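As you go down the protein sequences, you meet chains E and Y in turn. Using our numbering, you'd call the opening residue of the first sequence number 140 and step up by one each time. Using our numbering, you'd call the opening residue of the second sequence number 164 and step up by one each time.
Honestly, I wouldn't trust all of these hints.
Stated by the list, open to error - In silico lysine to any residue, SDA-like type, Cα no more than 20 angstroms apart, as pairs:
| hint | chain 1 | residue 1 | chain 2 | residue 2 |
| --- | --- | --- | --- | --- |
| 1 | E | Lys168 | Y | Gly219 |
| 2 | Y | Lys207 | Y | Phe225 |
| 3 | E | Lys168 | Y | Asn352 |
| 4 | Y | Lys211 | Y | Ile227 |
| 5 | Y | Lys211 | Y | Phe226 |
| 6 | Y | Lys401 | Y | Leu389 |
The hints are simulated quantities; they were obtained by calculation from the structure and are not laboratory data. As the structure is a prediction and not an experimental result, all values here were calculated from the model.
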Amino acid sequence: MAVSSIKTNVSSAKVSLSPSALAVRRFRKHRMAMVGLGLLILLALYITAGVVFSHGYCAPIGQDVSGESYANCNDTSLKLRSPSAEHPFGTDVIGRDILARTVYGGQISLLIGLSAAIMEVALGALIGLIAAYYGGWVDNLLMRIAEAMLTIPNLFLLIIGARFFTNAIPNINLFGRELTGNVIIIILIIGFTSWMYVARIVRANVLSLREQDYVSASRALGASDSRIIFGHLLPNTIAPLIVSATLGVAGAIISEAYVSFLGLGVQGATATWGNMLEGAYRYLETAPWLWFFPGTLILFTVLGINFIGDGLRDALDPRSTRHI
Amino acid sequence: MTNYILRRIAQAIPLLLIISIILFTLMQAIGDPIATLGARIPPKPEDKERLRRQLGLDLPVFFIDCKTEKLSLSPGNKPSLGTKVGNILTNTDCQFSLYNQYLVWLVGNDWRMVDMDGDGLGDVPGKRLGVLRGDLGTSLVTRRPVVEMIADRLPNTLILMVTVEIIIILLSLALGLYSALRPYSAFDNIATGLSFVGFSMPVFWLALSLMYLFAVNFRRWGLPYLPTVGMFDPAVGKTPAELIKHMILPVATLSIISIAGYSRFVRSSVLETLGQDYVRTARAKGLRGIIVVMRHALPNAVLPFITLIGLDIPFLLAGAVVTESIFAWPGMGRLFIDHTERSDFPILMGILMLIAVAVVFFQIVTDVVYSFVDPRIRLD
């Protein structure tokens, strides 16, 4: 760390920075990460501030509506309209406004992405820590299960998982919004089918950390297993976990989109960027706006997250000499 | 070496058994295959019962068979054992049963008589041979052997995926090498930016964009346009030219995304090798640049790439679910998704186990091949 602090602070050599301040500095110098951050801030604005555009006359109800009810208002007389001043992104097969649906769908897609990534990392870290710390048959069993699950292509596991729970959960209420229950199911499925890489990284890291002197010292002082695991081993593997979590958000958003695209994802009125694409390819010639807007939003989100993930990897690992 | 291979195979067997048990458990919950049969007229309960028996679906799933009975708590009814949850008393009764669905799937049932009429006595000798003897069972939907159905689709998938893989290897080597020889040049920077866009692209977005541009718009503009769906145009027939025309878009879709990632991998690997001492030595003794790169740097740089490709090969069998769906390509991915919808688990088990065996096999092959091309690696 001393070497790298000299290297990065030639101009202000007298100020000594903490490792985390150094990481922040490296991250801010990463041009692509800054582009990614800008992209994500714009997207965050879109899905929050975009709500103000979601209002208008809803013919089937016969009154002006705003908010999510406008996004779910299906005026079949307006189906498959091309983009216009009134519906800037056009309307879908049952006449719902695509702009409003991408705003509310984006909220759900990001909710799914974030929750699934948190679950993936939590599950992966827990399993990796347990496997590495206890070793022996526990390690063997957990790693064989991880290997078994890595052997099956991820999308196949997701499809089977999605079938597993079809319509098993009633609607839920979150932040005053009525959500189709299988939003939760999709989050669980993505989390349960993607923890394996995280578990392997954590396990490999902990295996080498376990032999360090401070762990022996801590054990000699009588620290409990859970204190050693969560107080010493986990904080020292935090850097790869942050990177995995970031990239995991992108992976989960794409997974949701694939499963929904195949018609096995979030069902019902609740929009997600993924389920807006379901069946859109049948209207390839007549209504390209059906898939273009949600698809492009997914692309921008994933691109932004990947840029940031790359910047974080370079920033958090001072040894990495990778320059792209 | 022989010892190493034998040990790896011995380790692979329990792994494959674990995989098959995990999958077989998942299969029990993807839906009732009997319920989806007889689309218009729902079959009578007794017909369903008979069908279930004929297909062997009445057997317990695994060796340990647990039945949970729900008993309501009435004053006169006092069962001796069980657990009480609220007002409902459940009584769980577990039995060991040797003859079960998993065992039939694994080793077949030709060693005993099968009960067809439901009187509890076997009356027809079993015909299933089991996966271990190459019988993957029969599709519940089409009643055709799973092996036959996979064999129908596999060539379609392979013709697509092998082409894709060859293009990926050649183009990522070329692009990666070119970038590495001119690091931080305009070409390299643009290639890096594009590669990020490339591997961030959802496959359906790329597929639909390509279709929209080269099929829909080219046609609109009066240019020669590409077909979008299927393998052949029925009006023209099954000619090689038709096949190539239909392959262009799916192949482009699948290869662009992988090339984006792999060319960066080759680039960093070549850059790392170019900084090695033996490359400096080769340059110092006056070799021409191209010979240094081609003979000294490149062979060492592509070694990790071999592992990457080797581990890709088994997944070629799996096809590409999303791409095949969009382009209506009759391959393995489509077979899988179509039969998932109908809960046809023998097909799903067949496809997934085929992939699992291929993955395990190619992992061993890749390691062995690697030890031949890189003598520094010793397998003991």
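Now the hints, each set against the structure:
no., hint, verdict
1, E:Lys168 <-> Y:Gly219, "violated, 64 angstroms"
2, Y:Lys207 <-> Y:Phe225, "violated, 28 angstroms"
3, E:Lys168 <-> Y:Asn352, "holds, 17 angstroms"
4, Y:Lys211 <-> Y:Ile227, "violated, 25 angstroms"
5, Y:Lys211 <-> Y:Phe226, "violated, 24 angstroms"
6, Y:Lys401 <-> Y:Leu389, "holds, 16 angstroms"
Hint violations for this structure: numbers 1, 2, 4, 5, all remaining hints satisfied.
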